[in-house]
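Visitor: Just need the whole structure built from these sequences, with the hints factored in.
2 protein chains.
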Amino acid sequence: MNLPKSIEINEVVLRDGLQLEDKVLTIDEKKALFDLLVKAHIGTLEFGSFVHPKLVPQMANSGEFFELISQTAGQLKLIALIPNLKGAKNAQEKGVKKVNFVFSASDTHNQQNVQKTTEESLEELKEIVDYCKEYAMVLSVSIATTFGCPFEGEVKKERIHWILEQLTPLHIETITLADTTGMANPQQVYDLISELKNKFPEQSFNLHFHNTRGMGLANMLGAIEAGITRFDASLGGLGGCPFAPGATGNICTEDVVHMLHSMGIDTGLSLEGLIEASQKLQQLVGHVTPGYVLKAGPYDRKYPVPAAK
Amino acid sequence: MNLPKSIEINEVVLRDGLQLEDKVLTIDEKKALFDLLVKAHIGTLEFGSFVHPKLVPQMANSGEFFELISQTAGQLKLIALIPNLKGAKNAQEKGVKKVNFVFSASDTHNQQNVQKTTEESLEELKEIVDYCKEYAMVLSVSIATTFGCPFEGEVKKERIHWILEQLTPLHIETITLADTTGMANPQQVYDLISELKNKFPEQSFNLHFHNTRGMGLANMLGAIEAGITRFDASLGGLGGCPFAPGATGNICTEDVVHMLHSMGIDTGLSLEGLIEASQKLQQLVGHVTPGYVLKAGPYDRKYPVPAAK
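Chains as they are written, first to last, in UniProt numbering: chain A, 1 to 309; chain B, 1 to 309.
Just to be clear, a hint being listed does not mean it is correct.
Note: identical chains are not told apart, hence a pair may lie in one copy or across any two.
Subject to a maximum C-alpha distance of 25 angstroms in a straight line, what follows is the list of computed DSS-like cross-link-like pairs (lysine-lysine) [unchecked claim]:
id	residue 1	residue 2
1	302	157
2	116	302
3	157	5
4	302	156
5	31	98
6	23	295
7	157	116
8	156	5
9	126	86
I should point out that these hints are in silico values taken from the structure, not numbers from a laboratory.
Guide: Here it is in structure tokens:
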């Protein structure tokens, strides 16, 4: 296996993880989690989103939360999700310097999220690019439903190629290919990434997987083998899927880091610190989260030999 | 990715899956599950074990169960786990024709299971080989703790090489490398299998993974890439780990089959049939099982587009 020496994790629990929770966390609760993530050496964090508070009340305090955490952020990269130009403006007004614009590869999913076709969102992106330039904001882009749409089913590779052809002239630093509802498989991931990296060799990619159908880490392995070294992950595997009750969420940060470290791949993160943060997360959301290592312990934990019967 | 066209699954729910359950299933309950597995086109089944009934009461009715199911088994391969020569004899007396002898690569784990060192179990294996020849029984072998021991920690690759050197002169048709408590990672799996296949090119291998730390399907992918086309799996992901409460069990048959089919790899199995059997399993054991596809549905399920708000 041809594996990299290190992989970078973008922690998304404060955004993708919390946005489907019944309980809306307060600023102080989010700050307690943030402090533990910093203690675990998280370097990149999607801290919230600037979307309509009626649509996602869990994220309504994102601006206020940013004002609090940015005071002590230091070198930490703090990224806000935005679904449109208005989101970019609201983020800018709070002093946010890094935003991630999300739209969907499938029209039906994009219509559901932002009442626009994919092409309309790509048009709006041009305005966002200009706006971010004006305010010296760093802009990244996520393409939701890259590997499949829960409404339309298959999303053809040609459509992702076409979207990339629209995006690359805009010089977006990082483009995230997102398996929004956990439909991807490792072969599909490996093939699509190999094609895109070949066709757009200058473009930096990040991958976003959900573990909805248990394939999250296998898909990550497929992506790593295709040369990807940046991934989104969510503490505790929090996240879920609005269409599949009981389905689990994003790939779980501590499980991802545990696998990578066991394979000799560095992440710069402290597994122990992540487990501590994940325990706190369970307390805060008030339910068991879907991660594995929190329950089973790391692979190198030794158990006492039972006494002879 | 260099993937095979087809993969064979050995269903182990009736043995590895049920042996840790609080509820002991009756013959009739096992038969109901068996019938649904046959309906889903299962071709190979570890149906039970011949171990001391005081140690594993869940398996005490394995002989009686075999007498029932063997009447209608047809081409189905019915395999019984045996931990020693006595197990082989008990299986033979019930008419069982295929047995799988299990011992552990680590002495401490083997001592816990069968009060013998690994070397002592290898000695006993020679008697079992002779016994099986005499009674025209097919003998396979599983090496537990191949990728790590919960008591000793790391199991060195050299030890697995040494065990294989003892086994190959015995002409065992299939040797299972078992990650008994879910300690393996994909890199380790790929490396060890590549070495063993290179050194023992005539030997047929089967792989047995647990999803204890969420890496089950990623490990399977690593094994497939190293050329493995036979795997154990357990319906619903039933199995567990006696040392880690709350930890999940074997890789889940329907999740495995779902991943393989989505990658275009044939298994001969019906995913729909497995899901039906897995629903029945949940009823029988009386709790939610750890599999994913049962909760989320297959990747190609399309959801209705919500009405405009």
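Visitor: Decide, hint by hint, whether the structure agrees.
Guide: Comparing the hints with the structure gives:
Taking the shortest Cα distances, residue 302 and residue 157 sit within 25 angstroms of each other only across copies (19 angstroms), while inside one copy they are farther apart (46 angstroms). Taking CA atoms no more than 25 angstroms apart as the test, residue 116 paired with residue 302 passes between copies only; the shortest distance there is 21 angstroms, against 54 angstroms inside one copy. Taking the closest pair of Cα atoms, residue 157 and residue 5 come within 25 angstroms of each other only across two copies (22 angstroms); inside a single copy the shortest separation is 29 angstroms, beyond that limit. In the homo-oligomer, the alpha carbons of residue 302 and residue 156 lie at most 25 angstroms apart only across protomers (15 angstroms), although the nearest pairing inside one protomer, at 47 angstroms, exceeds that limit.
In this homomeric assembly, residue 31 and residue 98 come within 25 angstroms of each other (Cα to Cα) only inside a single copy, at 19 angstroms, whereas the closest approach across copies is 59 angstroms. Proximity of residue 23 and residue 295 under a CA criterion of 25 angstroms is satisfied in both settings, with 23 angstroms inside one chain copy and 22 angstroms between copies. Proximity of residue 157 and residue 116 under a CA criterion of 25 angstroms is satisfied intra-copy only: 21 angstroms inside one chain copy versus 56 angstroms between copies. Taking the shortest alpha-carbon separations for residue 156 and residue 5, only the inter-copy value of 23 angstroms comes in at or below 25 angstroms, while the best intra-copy value is 32 angstroms.
For a Cα distance limit of 25 angstroms, the shortest separation of residue 126 from residue 86 inside one copy, 13 angstroms, qualifies, whereas the shortest one across copies, 75 angstroms, does not.
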